[in-house]
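Asks: Chains C and B, in that order, are what the protein sequence lines are.
So for the first sequence, our numbering puts the first residue at 1; every next one is plus one.
So for the second sequence, our numbering puts the first residue at 1; every next one is plus one.
Derived from the structure by calculation, the hints contain no laboratory data.
Every residue, glycine too, gets a C-beta built ideally from N, C-alpha and C.
Where hints are given, some of them may not hold.
DSS-like cross-link-like pairs, simulated, lysine-lysine; straight-line CA separation at most 30 Å [to be verified]:
no., chain 1, residue 1, chain 2, residue 2
1, B, 61, C, 345
2, C, 296, B, 66
3, B, 39, C, 354
4, B, 183, C, 38
5, C, 345, B, 114
6, B, 61, C, 357
7, C, 345, B, 70
8, B, 173, C, 345
9, C, 357, B, 56
10, B, 70, C, 261
11, B, 70, C, 371
12, B, 183, C, 212
13, C, 354, B, 70
14, B, 173, C, 296
15, C, 345, B, 39
16, B, 39, C, 357
17, C, 140, C, 194
18, B, 70, C, 142
19, C, 255, B, 66
20, B, 173, C, 363
21, B, 66, C, 371
22, B, 173, C, 354
23, B, 70, C, 366
24, C, 354, B, 66
25, C, 354, B, 183
26, B, 173, C, 357
27, B, 56, C, 354
28, C, 357, B, 114
If the Cβ cut is set under 10 Å, some of the chain B residues that face chain C in the computed set are [what the hints assert, rightly or not]:
no., residue
29, 48
30, 73
31, 185
Listed below, chain by chain, are the residues.
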Amino acid sequence: MKKVLLLIAAFTACSYQHLKAETVKVYPIIFCNTEDEKIGMSCQNDQYRFVEQLGIIETALGLDVDWTMAFTGNECNKPNLEKVISNLDCGTNDVIIFYYSGHGVHAKADAADGWLPQMCLNYNSYDQDKFVPVTYVQSKLKGKPARLCLILTDCCNNEAEWVSVKSASASDGKPANTGNIDIARLKKLFCESKGTVVATSSKRGQVSLGPKEGGCFSMAFWDEIYRIESGQGEATWKAVMEQTKKLTLEYTNNKQEPVYKVDVDGIGGSAPPPVNTGNNTVVIAVGETELANAFKRIVDGSYSNTQRLGMVDGIVQSLFTSDAQVLMVGRNLTTRIGLPMSISKYLEELALSKTVKGVNIVKASKNANGKYNQITISEIR
Amino acid sequence: MKTKIAILVLMLGTFSMSLHAERLSDEDRATLEQHALEKINDFISYLPEIAAKSNKSYEEKQLAQKYIAKTLELFIGEGNDYEYIDAAGNRRMHPAVTMQTTSRGFANPPQPMKRYLQRLMALPYQTVEVDTCQAVRIHSHLRETGDGWYVGSASFLQVFRATRDGRLVVNDKDLKIVTIYVKRIHIPETGEDIWVVYLGDMRVRSSWK
Numbered sequence: 001m002k003k004v005l006l007l008i009a010a011f012t013a014c015s016y017q018h019l020k021a022e023t024v025k026v027y028p029i030i031f032c033n034t035e036d037e038k039i040g041m042s043c044q045n046d047q048y049r050f051v052e053q054l055g056i057i058e059t060a061l062g063l064d065v066d067w068t069m070a071f072t073g074n075e076c077n078k079p080n081l082e083k084v085i086s087n088l089d090c091g092t093n094d095v096i097i098f099y100y101s102g103h104g105v106h107a108k109a110d111a112a113d114g115w116l117p118q119m120c121l122n123y124n125s126y127d128q129d130k131f132v133p134v135t136y137v138q139s140k141l142k143g144k145p146a147r148l149c150l151i152l153t154d155c156c157n158n159e160a161e162w163v164s165v166k167s168a169s170a171s172d173g174k175p176a177n178t179g180n181i182d183i184a185r186l187k188k189l190f191c192e193s194k195g196t197v198v199a200t201s202s203k204r205g206q207v208s209l210g211p212k213e214g215g216c217f218s219m220a221f222w223d224e225i226y227r228i229e230s231g232q233g234e235a236t237w238k239a240v241m242e243q244t245k246k247l248t249l250e251y252t253n254n255k256q257e258p259v260y261k262v263d264v265d266g267i268g269g270s271a272p273p274p275v276n277t278g279n280n281t282v283v284i285a286v287g288e289t290e291l292a293n294a295f296k297r298i299v300d301g302s303y304s305n306t307q308r309l310g311m312v313d314g315i316v317q318s319l320f321t322s323d324a325q326v327l328m329v330g331r332n333l334t335t336r337i338g339l340p341m342s343i344s345k346y347l348e349e350l351a352l353s354k355t356v357k358g359v360n361i362v363k364a365s366k367n368a369n370g371k372y373n374q375i376t377i378s379e380i381r
Numbered sequence: 001m002k003t004k005i006a007i008l009v010l011m012l013g014t015f016s017m018s019l020h021a022e023r024l025s026d027e028d029r030a031t032l033e034q035h036a037l038e039k040i041n042d043f044i045s046y047l048p049e050i051a052a053k054s055n056k057s058y059e060e061k062q063l064a065q066k067y068i069a070k071t072l073e074l075f076i077g078e079g080n081d082y083e084y085i086d087a088a089g090n091r092r093m094h095p096a097v098t099m100q101t102t103s104r105g106f107a108n109p110p111q112p113m114k115r116y117l118q119r120l121m122a123l124p125y126q127t128v129e130v131d132t133c134q135a136v137r138i139h140s141h142l143r144e145t146g147d148g149w150y151v152g153s154a155s156f157l158q159v160f161r162a163t164r165d166g167r168l169v170v171n172d173k174d175l176k177i178v179t180i181y182v183k184r185i186h187i188p189e190t191g192e193d194i195w196v197v198y199l200g201d202m203r204v205r206s207s208w209k
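Here chain B stands alone, though its shape is the one from the complex (with noise of 0.2 Å):
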């Protein structure tokens, strides 16, 4: 009967051990949503650089070609397919991370990022203008989703101004929410635990025009 009891309260520590190992710890939590939030940082400061490349010279358009390749390594799949795992257990593949736009206060349908990038590298604009009203802030705190994941999401406002020919032609102002992804990576040789953040989809939840 002893023997029973002692193998129940260890199999209850091991258990009750395992669960704190993979708490999210508060101090964690924040420095991780903090790091999201410079992603989207990130994110936003690049959109300039890559817009309206198409009347600049080849140099410029490598670099804005380097800006793409950085920003689509911000996001789950780099711009590709990615690998998940449902509810079932089963390895599936998601489709491509999308960006919504708006055009003239109206939703556009989502796009694949990678496609989005190049479109707005391709846009026959003089001057572009990225800007995010200070107002990047999280919309919803991780969770955990299991196999190591957490989900959460951000906010930002996001104005993008476009000029062509000396005429203001694009002044879209959207609220955006963007997924925050973060897996947990165990290093067993060190003991550590590695964070990896990623950026999802980024969804226009309402505009103004």
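Chain C with its partners taken away, still in its complex shape (with noise of 0.2 Å):
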């Protein structure tokens, strides 16, 4: 009897190990120059788009994103780029995307660089020893045991004379985070792929091109992994990129030509679907994870409705002021829809709906005492 009953144990031990070790997180790490005087606006929407598709495909796919790295305005620095991908700390089946919006140049110099460009953050000309190789940032998410590793940065790549190469092992040793979905073609590119794509929007020598929609190569990327999502193209991440270089060709009349480097493995039965939860809600929130955690709480379909409903005062009492508003954008994260709503009668409406799956929050403001005072969302459904 002992015999067995050690068997089921070590059996259930084994199945939890196997079990957790198939749980697929992703681990966006965004880097956005959002406050710069002529392209701020660019950055700050190729930030919402990111946050926004990562978003769905989070949903569709019952993924675990780490919401937390992401970095704009004058958090966009080199203190916390080491610091956040030296923390990171990820497993064998995890996903890792970096994204970078921003300025970028080229040291004429430099060999060492080779295609990919120097990033500025959020740093001027005469701080140009703070800028940051994307080879620095190759090199160190290589040391990751992460199954899949995006390195996106839609930045210029243009030469300069001023620019001095950097060490991408510089920083060693410094101290340093749904109905319609193809859902079987976007597993096969998060889920089912293997190794490393880094892109950069534009090949050396030339500018990238950023209206202030957002950069044209981020939107020629996210437009490709629509596409995929409705059941078009080819789902490889060498096609993708592939077919991203031809959008942003197209866009930017042949101006802007991103190169890339894809080693990946291609389609393997090695790495198994993500662990779906089942209730497959989701929030997001960049830098906001107090109210993301509160969001994500109200909307998770485990509660009951009246459990839901008795979360409202907690969450109003200890995170908004008594007159705090909620401002609604539609799916484009433009459109202003509603007038705006007290934050109790939309947490009331959040517990009651059975439609919402997570909230994306675009944009908090807090008050002196650390308190939020005007939430700007949209919602995922």
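If you follow the hints, you should be able to join the two separate chains into one complex; please do so.
Replies: In structure tokens, the structure reads:
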């Protein structure tokens, strides 16, 4: 009898370990220079688009996404970049997506940077010692055990004599986060591919175009992912990047040619699909963890409506000012929909909702006491 | 002469600019129509929470009342008579939004939405299922009707099944057409436009039994 019990215990432990190993966690690392005078708006829209689109994928595939590693404005800086990459602790079945939208440049004298640019982050030319080469990110992320690593940069790659070469290892030792979607094809890309994809928005010597709606390269990339979600196109990273290149050329009248390197072993049965939690809820919040957790709880279908309604007062009191307002935007993240609503009324609506699967926090502002007084959201259904 | 031409050009320019400002962009149109479809999905998802609560606890009845209030908020006038401006520019009152249902394949006369929901709650069924057959779609696109209002319509297939004493007593399948109202509200302080989307009357187009 004891032997049987031991056997069952060992089997349970093995199953647990196996299940644990199968979970896919996605780590998006987002750096966007949203406060730049010239390109800030474009980068801001790139960030919104990234968060929105990855949010859709997160919802569709039931992935577990760590949304805490987004850095914009003054936070889009070198120490944060080094720290977040250094601290990143991921598993062998996880996915890392590094995304940068901002200024970029290429050292004319440089051979080491090869085809990849340096990211200016939020620094001016006189602070060029703080620029970070994409090769730094590449080499650091290579050391992580993730199954799939995407490095996408939407920035210029034009050459400048005043820019010096930076070592990719210079910072070592320094102190350093629905309905109509073709799920099978998305899974093929995010859950079954293994390897690395590195792409930058323009080839060496070229500038990258960034109208206020967002970078042309980023738009082309998400347009292609949308095609895959709609059941069109070839669901491999090589095909996605090739099509992104074609679309970017098309959008820019052949002025901007993205370059990429895909080192993915393609379709493999080795990487199992992610564990779906069942209720498929998701909240996207850029750096607003507390708020994100609150929304996650209130749309969690595993609680009853009464339980969810019971959460409203507590959330309002702990996170919001009494007169906090909610503004809503449509799925394009720009069209303002509906009159401003009090936070209590909105949370009650969420608690009763059967169709809202997640809340995308587009903007959030706090008062001097650290309480939210206005948030702009869009809903994921 | 030159001054007159200049004034004319200025007037034409201003006119065309105001026309441009009032035009609904394709992107806004698509977003607003999508939002209207989401409201219809909300409406459909609320119905089972409202229906057949006659034999349920006080707490469940209270919750159903909350859902009725939320449902009415989806509609223009929130279930009450609402004001509109007629073709001659006069302010008039429009009767409250109505709902049309079918019984055994025959269309019933439309009834006020508020009454429909209250009656739905009181129905003596054991279980109620509402299924949309995944077919909520735009029937006619939004078009401007003046005074900042836009009107369109959407259609959806709705299956309503109810059981009593373990037997299926209602099994109606309707194609419903719902009017969509969109109002543009300009906020002068911020220069922003806010769009408010409401649902209107729901009519049975055809049904199957």
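Asks: Just to be careful, I want the Cα atoms of residue 173 (chain B) and residue 354 (chain C) compared with a cutoff of 30 Å; is the pair within it?
Replies: Cα-Cα ~22 Å, so holds.
Asks: Residue 255 (chain C) and residue 66 (chain B): Cα distance at most 30 Å?
Replies: violated, 57 Å
Asks: Regarding the pair residue 66 (chain B) and residue 371 (chain C), is the alpha-carbon distance no greater than 30 Å?
Replies: Roughly 28 Å between the alpha carbons, so the hint for residue 66 (chain B) and residue 371 (chain C) holds.
Asks: Regarding the pair residue 70 (chain B) and residue 366 (chain C), is the alpha-carbon distance no greater than 30 Å?
Replies: Distance of about 29 Å is within 30 Å: holds.
Asks: CA of residue 173 (chain B) to CA of residue 296 (chain C), is that 30 Å or under?
Replies: violated, 35 Å
Asks: Between residue 70 (chain B) and residue 371 (chain C), does the CA-CA distance stay at or below 30 Å?
Replies: The hint holds at about 28 Å.
Asks: Is residue 183 (chain B) close enough to residue 38 (chain C), meaning Cα to Cα at most 30 Å?
Replies: Roughly 34 Å separates the two Cα atoms, so the pair is violated.
Asks: Keeping to a limit of 30 Å between CA atoms, is the pair of residue 70 (chain B) and residue 261 (chain C) held or broken?
Replies: Not satisfied, since the Cα-Cα distance of roughly 52 Å exceeds 30 Å.
Asks: Hey, residue 70 (chain B) versus residue 142 (chain C), does the alpha-carbon distance stay inside 30 Å?
Replies: violated, 51 Å
Asks: Below or equal to 30 Å on CA atoms is what counts here, so check residue 39 (chain B) against residue 354 (chain C).
Replies: This hinted pair holds, its Cα atoms lying about 11 Å apart.
Asks: Given the hint that residue 173 (chain B) pairs with residue 363 (chain C), does the C-alpha gap stay at or below 30 Å?
Replies: Distance ~42 Å between residue 173 (chain B) and residue 363 (chain C) Cα, so the pair is violated.
Asks: Within 30 Å, alpha carbon to alpha carbon, are residue 183 (chain B) and residue 212 (chain C)?
Replies: Given pair residue 183 (chain B), residue 212 (chain C) holds - Cα atoms ~27 Å apart, limit 30 Å.
Of the numbered hints listed earlier, those contradicted by the structure are 4, 8, 10, 14, 18, 19 and 20.
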